[in-house]
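A.B. asks: Sequence:
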Amino acid sequence: MRAWYPMSHRRPAFGAVAIATLLILTGCASLPESSAPQALGTINREPTNDGPPPPIAGRDPDLLLRDFLQATADPTNRHLAARQYMTPSASAQWDDAASTVVVEKTDTLRESRVGDKATYVIRTHKIGELAPDGAYRASDSPLENKIEMSKVDGEWRIDELPDGVIMDHSAFAKSYRRYVLYFIDPSGTTVVPDLRWISVAKNQLAQRLMTLLTEGSQPALATVLRNELAPPVALRGPITKAGNDPGEVGVGLGGVRMDFAGATNLSPRDRELLAGQVVLTLAGADILGPYMLLADGKPLDDRFAANGWSVADVEQLSVAAHTQNRIGLHALRNGSLVQVTADGMVTPPGYFGAVSNLQTVGLSPDGQLVAAVADAGRPPPEPPRTLMVGSYGGSAFPVAEGTTITRPSWSADGSAAWAVIDGERVIRAVNDRTTGTVSVQDVDISALTAAMPSPTFRLPITELRISRTGVRAALIADGKVYVVVVVPQPNGKYALTSPLPLALGLSTAAVSVDWLGADTLLIAREGNVDPVSTVSVDGSQPLPQTSQNLTPPVRVVSASPEHQYAADLRAVLELTSNPGGGEPYWREVPGLGANAVPVLPG
2 MRAWYPMSHR RPAFGAVAIA TLLILTGCAS LPESSAPQAL GTINREPTND GPPPPIAGRD
62 PDLLLRDFLQ ATADPTNRHL AARQYMTPSA SAQWDDAAST VVVEKTDTLR ESRVGDKATY
122 VIRTHKIGEL APDGAYRASD SPLENKIEMS KVDGEWRIDE LPDGVIMDHS AFAKSYRRYV
182 LYFIDPSGTT VVPDLRWISV AKNQLAQRLM TLLTEGSQPA LATVLRNELA PPVALRGPIT
242 KAGNDPGEVG VGLGGVRMDF AGATNLSPRD RELLAGQVVL TLAGADILGP YMLLADGKPL
302 DDRFAANGWS VADVEQLSVA AHTQNRIGLH ALRNGSLVQV TADGMVTPPG YFGAVSNLQT
362 VGLSPDGQLV AAVADAGRPP PEPPRTLMVG SYGGSAFPVA EGTTITRPSW SADGSAAWAV
422 IDGERVIRAV NDRTTGTVSV QDVDISALTA AMPSPTFRLP ITELRISRTG VRAALIADGK
482 VYVVVVVPQP NGKYALTSPL PLALGLSTAA VSVDWLGADT LLIAREGNVD PVSTVSVDGS
542 QPLPQTSQNL TPPVRVVSAS PEHQYAADLR AVLELTSNPG GGEPYWREVP GLGANAVPVL
602 PG
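If you want the working numbering, it's the position in the sequence shown, counting the first as 1, plus 1.
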């Protein structure tokens, strides 16, 4: 798998080194003390020079082009750093807003050079594209551009180039940092992450994040997510440092202060959701509280008028608050469901613990319901697989049949188990907890297959995992990994839309995927080279995980924010931190055996 950052081949889990590097480069966005209310852009402004350093004098044209691809990663003043490498006429004509792509493995090839004129071809590999709002989209394609150069006052400069920004991935990693905007899920109970990559001075970061929140989520999510910071609600005036006006409640607190016009008319619940979006977005960007939030000049909520809001006041909206695994690890062993405890294996009562023909199992988040694929033992042409749904420790009944049925995945609220029949029919087994009945609904995937036979998306679907927010789903289709949007329909049914390909650098087919967190996936693939890896939900930061103690091929991965498991050729293993501070490693879960499969809720 391709790596973005210049690191050793083996990396700590979750890209900790890369994140730490970016934090050092961008700095912490906490705010210093000040004697009077000020806009954040005027607080602790660092000394500035006259601009970015000029190109190296006497530079050969091919080396100048390489320097140029580093300079393009600085977007300040319409990419002033990069424009210094151009002639005045080229700078005037260059449209840096046309596109922004991230590349690697760049070669600069001289096509011709006569006197003070030269033509070079840049051949490189496009690994990502950045939208104007900072949204990243992974790519995997060659890119070739022709560059005309000429000498100006004895120095080589770019005289003609295509519109748009091309930047080397190493420069991108130094200049840009990933931030998370938070919007509200359709049920109004939790926040949903929307990733953005931003290069901005730390004293302008809060304003930039609030501007992006005001602009809303990415288009693919806009019809699903709620945004409390949307018209008629708007940021009123500049964001300032809190607690500096002697007449202001909360004097001396530090933190930030912001006022929202139009928020007076929000309901108490909507005010809480607005605070959740703002506080969790800022806190995740290391902009420290307390957060003094106002509605048309008055406290957004009187409960927090004196001391401001803190992360603890809105943490019930966080994904972590809704996704804690309270039922522990289970496993499928010898065709039966077992619970893995410190004292060994415990077989639950009822159908799922008594049978020996289960192929895959899914547990609802609260552990009360089970969906499993059973081998029906029927000879062809009868469908050999049956989807069974029932209560944990109780009975079960069949709800669907097929030649193949994917591992069931439960919605965040435990209301439905999702599965794919025969690679192309996506269903929801909807459970009515009042009556105990289950109905099967077909899910509309026409938006996914409409692009066929384009390489964008191809059937069959061999894995489907609903995210813990319920807003996204991860798929493996034709051996490739995608994230799609789960869209509720007016008729009560659902559709899957907007397939976004991830982990495009995989050289072998993906076989299993699960949600590591709200914005990260854990992937297993064929082969013995980096068989387990992670990738962000936008396709950025693909990172191979350690393979220490794994015996490929890896058959299944099952993950939660706290625990990651893999079933390989010989055992079920858990990714374990090294107490000595060294590289993590996979440790066998004792007592399960070679054919077992780990099962976590979801």
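Keep in mind the hints are simulated off the structure, nothing from the lab.
One should not assume that every hint holds.
Below are the EDC-like pairs computed for lysine to aspartate or glutamate, each with C-alpha atoms no more than 16 angstroms apart in a straight line [as the list claims (entries may be wrong)]:
| # | residue 1 | residue 2 |
| --- | --- | --- |
| 1 | Lys152 | Asp63 |
| 2 | Lys175 | Glu105 |
| 3 | Lys127 | Asp108 |
Fair warning: this is a prediction, and the values are worked out from it, not measured in the lab.
A.B. asks: Against each hint, give a clear statement of whether it holds in the structure.
C.D. replies: These are the hints, each one checked on the structure:
no.	hint	result
1	Lys152 / Asp63	holds (13 angstroms)
2	Lys175 / Glu105	holds (14 angstroms)
3	Lys127 / Asp108	holds (13 angstroms)
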